[in-house]
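2 protein chains.
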Amino acid sequence: MQEIYLDNAATTRPLVSIRGVLEKYLEDGWHNPSALYAPAVFDLRKMDEARETLKKGFGGNLFEVLFTGSGTEGDAAVILGGARKQKSMHYISSEVEHPAVYQAMMRLKEAGHEVTFVKPDRQGRIDPDAVADAVREDTVLVSIMHVNNQTGAVSDIAGIARRVKAKNRNALFHSDGVQAYMRKALGDASDIDYYTVSAHKIHGLKGVGAVFYKKGAPLKALIPGGGQEKNLRSGTENTLGIAAFAHAAENYLEQKQEYAGRLKELKEVFLGEAGSLSDMEVLSPADGADHIVCLLINGVRGEVLLHALEEQKIYISTGAACTSKKGISRAALGLGLSRAEADAVVRVSFCPYNTKEETAAAAQSLAQAAGALRLFTRR
Amino acid sequence: MQEIYLDNAATTRPLVSIRGVLEKYLEDGWHNPSALYAPAVFDLRKMDEARETLKKGFGGNLFEVLFTGSGTEGDAAVILGGARKQKSMHYISSEVEHPAVYQAMMRLKEAGHEVTFVKPDRQGRIDPDAVADAVREDTVLVSIMHVNNQTGAVSDIAGIARRVKAKNRNALFHSDGVQAYMRKALGDASDIDYYTVSAHKIHGLKGVGAVFYKKGAPLKALIPGGGQEKNLRSGTENTLGIAAFAHAAENYLEQKQEYAGRLKELKEVFLGEAGSLSDMEVLSPADGADHIVCLLINGVRGEVLLHALEEQKIYISTGAACTSKKGISRAALGLGLSRAEADAVVRVSFCPYNTKEETAAAAQSLAQAAGALRLFTRR
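Residue numbers (the working numbering), protein chains in the order written: chain C, 1 to 379; chain B, 1001 to 1379.
Derived by calculation from the structure, the hints in this document are not laboratory data. Given the structure is predicted, the values throughout are model-derived calculations rather than measurements. Check each hint, because a few of them may be wrong.
[Said to hold, decoys possible] Okay, the calculated bits of chain B under chain C, using three or more residues with CB under 8 angstroms as the criterion:
no., region
1, 1103-1114
2, 1195-1207
3, 1217-1226
4, 1233-1247
5, 1306-1317
[Said to hold, decoys possible] Quick partial rundown of chain C residues pointing at chain B, CB under 10 angstroms, derived from the structure:
no., residue
6, M1
7, E3
8, P14
9, A38
10, H98
11, Y102
12, A104
13, V115
14, H200
15, I242
16, P285
17, Y315
18, T318
[As the list claims (entries may be wrong)] DSS-like, lysine-lysine: derived pairs with alpha carbons at most 25 angstroms apart:
no., chain 1, residue 1, chain 2, residue 2
19, B, K1085, C, K85
20, B, K1087, C, K109
21, B, K1167, C, K87
22, B, K1220, C, K85
23, C, K109, B, K1085
24, B, K1109, C, K230
For each residue, glycine too, the CB sits at the ideal point set by N, CA and C.
Please work from the sequences and hints to get the whole structure.
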């Protein structure tokens, strides 16, 4: 039985061509970039080339690139590192942020800051008015994700950032772009101060992420020490992971149009096949990101459905895998679903290497399995 | 010209057999360990197996293993995460700690805590009496490195920890074991609470480290979010780096005796050949770790010597590469050297894959180059 992997919002299959990146690393890329001799200086230069490559996927020369150990660390670097204030201040985020942002905001709250969590609609869409309305004179930072990891809802973060700055020009704007990077274009990024991305969501390796930050935007190392990364993140640099990140970004950049077309097709195929299922609500907005389909299948526990499909080597997710096995996802509740509804959510997510055939087959299996489970539970 | 790499305290050449680890990862090890289906659960189990492997190299079942993104992050996780207190308290460390520990302690100082930095002798040795004497009733944490990264001086950390606890049983003891792990055995680790290690110092990959922590020792995530690593470090786990770490640890464990013998030989060969150099002081203690030789070559700037050897593809370090190109190393000054002396320090560091022949050749080249530079500068 061939595996059908439809959990690409959790992680993507690494490119097999990363073999070549490892070969280069083993040959001549493994020195400590902080050392003073030529091969080390070469490794440092390679890191800077990787930054340039990544910037082609977001914001261009408006931004600098800080490498981190994950998207989560990137979010923490901004919220708990750069934007954290001593004095009690005000922060804004949403109820459906990734736990990386949400928990960082909770840390600020515990430390005595005030945090406004804007409520999304049932499909995870954030009302730009609600964000703008929440901005105050003492608002330090607004953090709104670009593409929702659960429903695929897309926020016009460039527009939201503009409105935030119009109301308080000193407020900083951050967006978790982990699901969006390379998948969703952005207009004018000039009001965005920070943008977080992760390598393993675009077929790179786990253990490496990055923060795009506007020149001059405040940042303070979460991890002090030897002063690597312009003293913003100490520790010997993960040069293999960084090279593989650049490699994956290049691969995506070269085929961006084609990949976008493929994802759109896969979503259509999936929804076409799964649409036959009765008493089912598509939580993904029609204009959402094409790689995520979120379904609320009334009367079927998502986790049970997941395991039924697992028997057929079809891998999908419940509410949000990123919440690491903690039962019902806070983010699913953040959509305003009841507990029973949140429990009935599954997420299917594609990558450009999924085929239409496997996607159609998975959708049929899902519809069948859900139907069977309903019969069973209603009997 | 064959490269002679003698900067193994900065980083080690990764095992080429990591190719096999990548192959397994590409095949079936890349799922998100937080997901609920079988392949992901398998990846999570592999991480736990890696923890067991690593524990064979330190402390065994007394300890739990937390994976981090670097040794530096491990130090920060303990000092700024686990042991940090709200109320002003007292901490102890030394003047020659790695910047990861030193800068974390400086953060505590900035936050209003008191930090006692014990002074080492000229060879980097820490007097256990001086540490014990500094312990007070309000001492929260004592952090003393196991093997000094500059001179190779070894501290009896088990003994120091015992004395610390004898004076204040509530004080916690941490040691940066990055240079020591797999190289220096430890007696009874039962008074040690935390021990930090790094994969790329034992021929693993960069971007992954670990903290061994005693069951029940306080830890708090530096990076909050999805709750991975028992909620001690959020972010998708670097499963490739972790597998390669375990692979490198297994390799070291299998050949520990042989490797130790080899390092001892290399040190003897090197000192035998370089010993002819006049007006030179070996800063490494006779009973220090065998993989590090630190020389003070009066009248020769370390950086100039480094570049002279670089011409011959012989790679060594000045004071300490980990301080990332910031000129004279704080740690070199921490030894109590004058600025001129600190400037004249070079560090040569071995791995078990260095040959006696290349080590002898490098020592001869170093002696010749240093002699020539002296002639030049004294003319």
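Right, here's what the structure says about each hint:
1. With 4 residues bearing a CB less than 8 angstroms from a CB of chain C, the region 1103-1114 of chain B meets the requirement of three and the coverage assertion stands.
2. For the region 1195-1207 of chain B, the stated coverage by chain C is satisfied: 5 residues place a CB nearer than 8 angstroms to a CB of that chain, which reaches the threshold of 3.
3. As drawn, the region 1217-1226 of chain B meets chain C at 5 residues by the rule of a beta-carbon pair under 8 angstroms; at three or more, the given contact holds.
4. Here's how the region 1233-1247 of chain B fares: 8 of its residues keep a CB closer than 8 angstroms to some CB of chain C, so the rule of at least three is met and the hint holds.
5. By the rule of at least three residues with a Cβ nearer than 8 angstroms to a Cβ of chain C, the coverage given for the region 1306-1317 of chain B holds, with 5 such residues.
6. Checking M1(C) against chain B by beta carbon gives a least distance of about 12 angstroms; that is not within 10 angstroms, so the hint is violated.
7. Residue-level restraint check for E3(C) holds (minimum Cβ-Cβ distance to chain B is 8 angstroms; threshold 10 angstroms).
8. Hint status for P14(C): holds, given a least beta-carbon distance of 5 angstroms to chain B, under 10 angstroms.
9. About 6 angstroms separates the beta-carbon of A38(C) from the nearest beta-carbon of chain B, less than 10 angstroms, and the hint is met.
10. Because the beta carbon of H98(C) sits about 7 angstroms from the nearest beta carbon in chain B, less than 10 angstroms, this interface hint is met.
11. Interface hint status for Y102(C): upheld, as the beta-carbon distance to the closest one in chain B is roughly 8 angstroms, under 10 angstroms.
12. The closest approach between the C-beta of A104(C) and any C-beta of chain B is roughly 6 angstroms, which is under the 10 angstroms cut-off, so the hint is satisfied.
13. Annotation: V115(C) was flagged as interfacial toward chain B, and the flag is violated, the nearest CB pair being 14 angstroms apart, outside 10 angstroms.
14. Because the beta carbon of H200(C) sits about 6 angstroms from the nearest beta carbon in chain B, less than 10 angstroms, this interface hint is met.
15. Annotation: I242(C) was flagged as interfacial toward chain B, and the flag holds, the nearest CB pair being 9 angstroms apart, inside 10 angstroms.
16. With 10 angstroms as the threshold, the beta carbon of P285(C) stays out of range of chain B, its nearest partner Cβ sitting at about 24 angstroms, so the hint is violated.
17. Taken as an interface hint, Y315(C) checks out: its beta carbon lies about 5 angstroms from the nearest beta carbon of chain B, inside 10 angstroms.
18. Evaluation of the T318(C) hint against chain B yields a held restraint, the C-beta minimum of about 7 angstroms falling below 10 angstroms.
19. Of the pairs offered as hints, the one joining K1085(B) and K85(C) holds, with about 18 angstroms between alpha carbons and a cut-off of 25 angstroms not exceeded.
20. A hinted pair counts as satisfied when its Cα atoms are at most 25 angstroms apart, and K1087(B) with K109(C) qualifies at roughly 19 angstroms.
21. At most 25 angstroms may separate the alpha-carbon atoms for a hinted pair to count; K1167(B) and K87(C) exceed this at roughly 38 angstroms.
22. For the proposed pair K1220(B) and K85(C), the alpha carbon gap of about 20 angstroms is at most 25 angstroms, so the pair holds.
23. Pair hint K109(C) plus K1085(B) holds up; C-alpha atoms about 18 angstroms apart against a cutoff of 25 angstroms.
24. Between K1109(B) and K230(C) the CA atoms are separated by roughly 22 angstroms; this keeps the pair inside 25 angstroms, and the hint holds.
When each numbered hint is compared with the structure, violations occur for hints 6, 13, 16, 21.
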